[in-house]
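**Q** Protein sequences appear in the order of chains A and B.
Taking the numbering used here, I'd label the letters of the first sequence as residues 1103 to 1433.
Taking the numbering used here, I'd label the letters of the second sequence as residues 1103 to 1433.
For the record, the hints were derived by calculation from the structure and aren't laboratory data.
Check each hint, because a few of them may be wrong.
Claimed, not checked - No farther apart than 30 Å at their CA atoms in a straight line, the calculated lysine-lysine pairs in the DSSO-like style are these: (1) Lys-1208(B) - Lys-1123(A); (2) Lys-1123(B) - Lys-1149(A); (3) Lys-1123(A) - Lys-1336(A); (4) Lys-1149(B) - Lys-1123(B); (5) Lys-1123(A) - Lys-1149(A); (6) Lys-1208(A) - Lys-1123(B); (7) Lys-1336(B) - Lys-1123(B).
Protein chains: 2
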Amino acid sequence: MSQRITLAHGAGGTRTEELVKGVFLEAFGNPILEELSDQATVEMEGKRVSLTTDSYVVSPLFFRGGDIGKLSVYGTVNDLSVGGATPVYMSASFIIEEGTELSLLKRIAESMRDALRECNTRIVTADTKVVERGKADTLFINTTGVGLVDDHVELSATNIEEGDVVILSGTVAEHGAVILAERADIDIPFRSDCAPLNGLTSVMLRAGGVKLMRDVTRGGLATILNEFVDASGKGIIIEEGLVPIREDVRGVCEILGMDPLYLACEGRLVAIVSPEAADRVLHAMHCHPMGRGAAVVGRIVAQGRAVILRTTMGVERVVGKLSGENLPRIC
Amino acid sequence: MSQRITLAHGAGGTRTEELVKGVFLEAFGNPILEELSDQATVEMEGKRVSLTTDSYVVSPLFFRGGDIGKLSVYGTVNDLSVGGATPVYMSASFIIEEGTELSLLKRIAESMRDALRECNTRIVTADTKVVERGKADTLFINTTGVGLVDDHVELSATNIEEGDVVILSGTVAEHGAVILAERADIDIPFRSDCAPLNGLTSVMLRAGGVKLMRDVTRGGLATILNEFVDASGKGIIIEEGLVPIREDVRGVCEILGMDPLYLACEGRLVAIVSPEAADRVLHAMHCHPMGRGAAVVGRIVAQGRAVILRTTMGVERVVGKLSGENLPRIC
């Protein structure tokens, strides 16, 4: 591990993993944290409670289709939702740079308020800190979410079997492409996909047969699928032609020299579903506004312990985790 | 309210209150958040669960008697504890500046590990973000705590009555004085009081008769007592001669031009206790290492709706909340 923190350590790929394992797991390691899931399901007095935390440092604070406030609510709601939990309560903590305009904070707080209503959750405890000019970048927000997991929900990588299908809820890479395009001052015709997934996960869980879900955030689809491989010990084959990507997003990615498979979404999920339940789950997803573009994009294979992309030309190549790329402050 | 955020908005006094009420309560307001307590007690499936969140931005990161890591564990444990909850789980989120040394992160993570063991709690979910050089000040940590509140615990400002006594668990102002002295490069013979209060609150609650507790943090004893006044509608008389302050702390405060009543502690609490329980609670506190210096420092009066300090000269003066002072990044 290098001796100083680089931006790659925050990008959600292999360097982040090194940092998390080498420093934080090393110190705090316990069976729950070691699952390295985006949320922890713990028992409290006989109830299954889910906890998740995220600090939001996105830059710019406002972008096409969203802002740091919305992101801080949706992101935490989504982490709970893909863990099979119903979001109930949230905490919020604000680190504000001296000199920040109050009107900007108000706009962001109002955006959070709207997002909270949309997700049917609320902030019950909060904190505010101010640091000197130049010691933070306007505003960072932490939200921590608490959810309840229904008794019948059983999501675990250990249930994944050969033949299970990989379902993606919609087009990928919009959020990441929007952030990068805005930083590069490129005009774009599309918006961030940032949105809450709690409604969608709830209809999917009701349909049954869902074995594991993740929201496709830092590191993009390629990284998340690799994490599925790590957790399950199985391989995944993805059909490139089936992964939905908007043409204009693909175009911007080409200009920016980015592979859309590594760009973050903030309102998409990927699920591993048993083959017999696939049609039922897909139907349920298509009936929900957040899952209209849902599609089977691949399947689980016994061999490989890797993510294989089968291109439209029929060529197969291994797709690794995001590694060393400079994609800071996407969320 | 001024149009831009100043450091005073983060100091825990009246400006912080303006910001919280004017921006965040305005947007997120709900009955639980409106209590403006440092923790929220909510019901989840019939159980009373306590939630609290804090971002730690203390500068310097290491100080006599502690560091940001210890503080981030103790502070959150203490917020739960004074709310009558037993800390159970914690989340941690790290915002790291590019270029930060890994060895520094490791030292801080190890310090958190030791503090977690001491408090008998654990981190079950975590997050790491990296921002560019110059966009944060080395490291900010958010911790959010989840605790369980026993059925028999009933802490509320509405129970406060005339004649109740004010008990302080020990000397005040050490933490704040250490931070300010280190920034001013003044040599000091004392250490921060930062320490966990969960053991102490647990023996106090067992003793019975405790109506309300708070840890004495940002804004110091004077501000916290004023918040008791706001919440209860009663007045408080404090005997200056009874408030324990180390002589060397008093000396440093004089050099720095600070009133120790407004300086933060990170391991002290103040409690309102019914008069008939006072001896019992004090005895229980004196038997606990964190409460050896506990003392009655004042009492609740019906009139006034203010905090009155009776000086050693017998003069009475109103002591307001911290207002406009520049005490940023104490925790």
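**Q** Each hint needs a verdict: does it hold in this structure or not?
**A** Against the structure, the hints:
Distance check on the hinted pair: Lys-1208(B) and Lys-1123(A) sit about 11 Å apart at the alpha-carbon level, within 30 Å; holds. For the hint linking Lys-1123(B) to Lys-1149(A), the alpha-carbon distance of about 34 Å lies beyond 30 Å, and the restraint is violated. The suggested pairing of Lys-1123(A) with Lys-1336(A) holds, with an alpha-carbon distance near 22 Å, which does not exceed 30 Å. Distance check on the hinted pair: Lys-1149(B) and Lys-1123(B) sit about 29 Å apart at the alpha-carbon level, within 30 Å; holds.
Taking the CA atoms of Lys-1123(A) and Lys-1149(A), the gap is near 29 Å; set against the 30 Å cutoff, the hint holds. About 11 Å separates the Cα atoms of Lys-1208(A) and Lys-1123(B), which keeps this hinted pair within 30 Å; it holds. Taking the CA atoms of Lys-1336(B) and Lys-1123(B), the gap is about 22 Å. The hint holds against a cut of 30 Å.
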